[in-house]
Amino acid sequence: MARRVGLEVSIACSEAVTLANVDVIAAYPITPQTHIVEHLSEQVAEGHLDAEYIKVESEHSALSCCVGASAAGARTFTATASQGLILMSEIMYIASGLRLPVVMALATRTLSSPLTIWGDQSDVMSQRDCGWITIFCENGQDVFDQSIIAFRIAEDRRVLFPTMICMDGFHLSHVIEPVELLSQEEVDSFLPPYKPEYRLDPHRPLTMGAFTMPDYFMEIKKQQDEALKSTLPVIKEIWNEWGNRFGRYYQPVSCYKAEGAETLILIAGGFSGTAQIAVDRMREQGKNVGLLRLKLWRPFPHQEIRDAVKGAKLVVVVDRALSVGGQGGPIAAELRSSLYHLKKRPAVVSFVAGLSGRDIHIDQFVEMVERAEGHLSAGKIPDYEMFGVRE
Amino acid sequence: MIEVRIHGRGGQGAVASAEMMAVSAISEGRYAQAFPSFGPERRGAPVVAYLRISDEPILRREPILNPDLVVVLDPTVLRAADVGSGLKERGGIALNTCRKPEELIEQYGLPHCRMATVDANHIAQTIIGRAITNTAMLGSLLKLEPLVRLESLFEQIKERFPAVAEKNIAALQAAYDETSIHDFSKAIKGGK
Chain B
1 MARRVGLEVS IACSEAVTLA NVDVIAAYPI TPQTHIVEHL SEQVAEGHLD
51 AEYIKVESEH SALSCCVGAS AAGARTFTAT ASQGLILMSE IMYIASGLRL
101 PVVMALATRT LSSPLTIWGD QSDVMSQRDC GWITIFCENG QDVFDQSIIA
151 FRIAEDRRVL FPTMICMDGF HLSHVIEPVE LLSQEEVDSF LPPYKPEYRL
201 DPHRPLTMGA FTMPDYFMEI KKQQDEALKS TLPVIKEIWN EWGNRFGRYY
251 QPVSCYKAEG AETLILIAGG FSGTAQIAVD RMREQGKNVG LLRLKLWRPF
301 PHQEIRDAVK GAKLVVVVDR ALSVGGQGGP IAAELRSSLY HLKKRPAVVS
351 FVAGLSGRDI HIDQFVEMVE RAEGHLSAGK IPDYEMFGVR E
Chain Z
1 MIEVRIHGRG GQGAVASAEM MAVSAISEGR YAQAFPSFGP ERRGAPVVAY
51 LRISDEPILR REPILNPDLV VVLDPTVLRA ADVGSGLKER GGIALNTCRK
101 PEELIEQYGL PHCRMATVDA NHIAQTIIGR AITNTAMLGS LLKLEPLVRL
151 ESLFEQIKER FPAVAEKNIA ALQAAYDETS IHDFSKAIKG GK
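Heads up: the sequence lines are chains B and Z, in that order. No gaps in the numbering here: position 349 of the first sequence is 349 in this note's numbering, and each next residue is one more. No gaps in the numbering here: position 13 of the second sequence is 13 in this note's numbering, and each next residue is one more.
Honestly, the hints are just simulated from the structure, not real lab data. Note that the Cβ used here is the ideal one computed from N, Cα and C, for glycine as well. Misleading hints may appear alongside valid ones.
Have a look at the derived ranges for each label pair, beta carbon to beta carbon [claimed, not checked]:
no., chain 1, residue 1, chain 2, residue 2, range
1, Z, E159, B, E186, 22 to 28 Å
2, Z, L65, B, R371, 18 to 24 Å
3, B, Q303, Z, A80, 51 to 57 Å
With the hints as extra help, turn the sequences into a complete structure.
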């Protein structure tokens, strides 16, 4: 039976990974992710989890160990943040190219420089094109659930992609809140043991990660892209099964008071709860505003998002990352490109906010909506606006 | 929803006390959220921890700017931080002090609000043997506002600090008993 407890969201992640009965964990501690692997190392040391915990000298080695272990048929997990993720970057592409179902938890944090330890989503966005399934979480329960679901998604034979679940560093990872922990039996009934179709085995030799000549590379890359896109219905199916079993349903894009709304806020991650309160306040004042939460970043749910914004005049996108020298927020850029070919489409106003742990308060979401409406009625929409910045 | 801001110095257990309160409230079937002011932790530097308790799920993820209640673990923090900042009109402050609250209002410009005062340093020093005042000040906070049951908090202390649970529970109980409550907000209203 499920058990409702108060605990730190990082620990909820570790408890879920323990229940997922992973075989190999390789990780290097980095703020704000440290509590996740710290607790997992305790779980292994105290005999609550029968797994190999590989202590490594860097994140590059951590993910390399996961790739090797996963290729040998083990269920593998790692966690990192920020500089740790970009040190893994080289191996990120290897894991996805080899179609290895490694699962990673990311406590999202700003990339230096300037040197900083606080949170935003610039680390996730730096790995946008690495071919991992990428899921944003909103609260502790979501983190617990996705930390189990991620293995089921990654290991599904129709999927076989590494999967990353993202929780806002500090704003989510370091918060104590109620989480309903499932029992081992409940998790086992949802997540069967990993049975790889192919694995490295000295008795049945095979090649993984072969050298490719130019006359084949593009075909393989096309296959990889098609394969990642084809995981979308499977992810939805698995989320739906989770909902049917445990009562918590997840969608690639979820809507709050979005039906018939003229203006929509689009945001990913933990700050969406604060945005929801802002939407309620604006509704009370008679403003026709709704909220879209982007849960699935890769594969990007183009059709779902087109459907969700269909009736709106304006979408206010709040990104906690900046594409330096580009079009502002990465989510806004993705949305604009998704809508470009549609005859009827809403205006998109991109705000970059909440970088390096700067808070976004309820009234600031309201202010962003007002500013965006101002840009729209003035007929002058900027590429993006850095919200609340002192100039 | 009740919002509480806890002021202390690094190492005095401000974060732990917010966490214990949240877990206690959750164990009573309610919703709660506890988190530190994020950043590098430095022993002795002023720190802030936040606590929300509600009967509904808590959606917001922002620090508390307008608390209902404030807890001050260390009298010297009054010099370093504006502990009364943003306090709601009917708010309250639980203060660790051996002085009269009127003097502190005067000296530090604290808001005219409900105040709970107790000499938690003395209690902690006598019972625990060290001036670690977080458990004592939770007793004072609960006297000011019964946010959770004392027993729920005792359970948390036992779970979290099994070796020193008995002394901390005694300190909490002593501070609860010895806390005096003053209502300066009434005084203001009466004066108008």
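(request) Would you pick out the hints that fail for this structure and give their numbers low to high? (result) none
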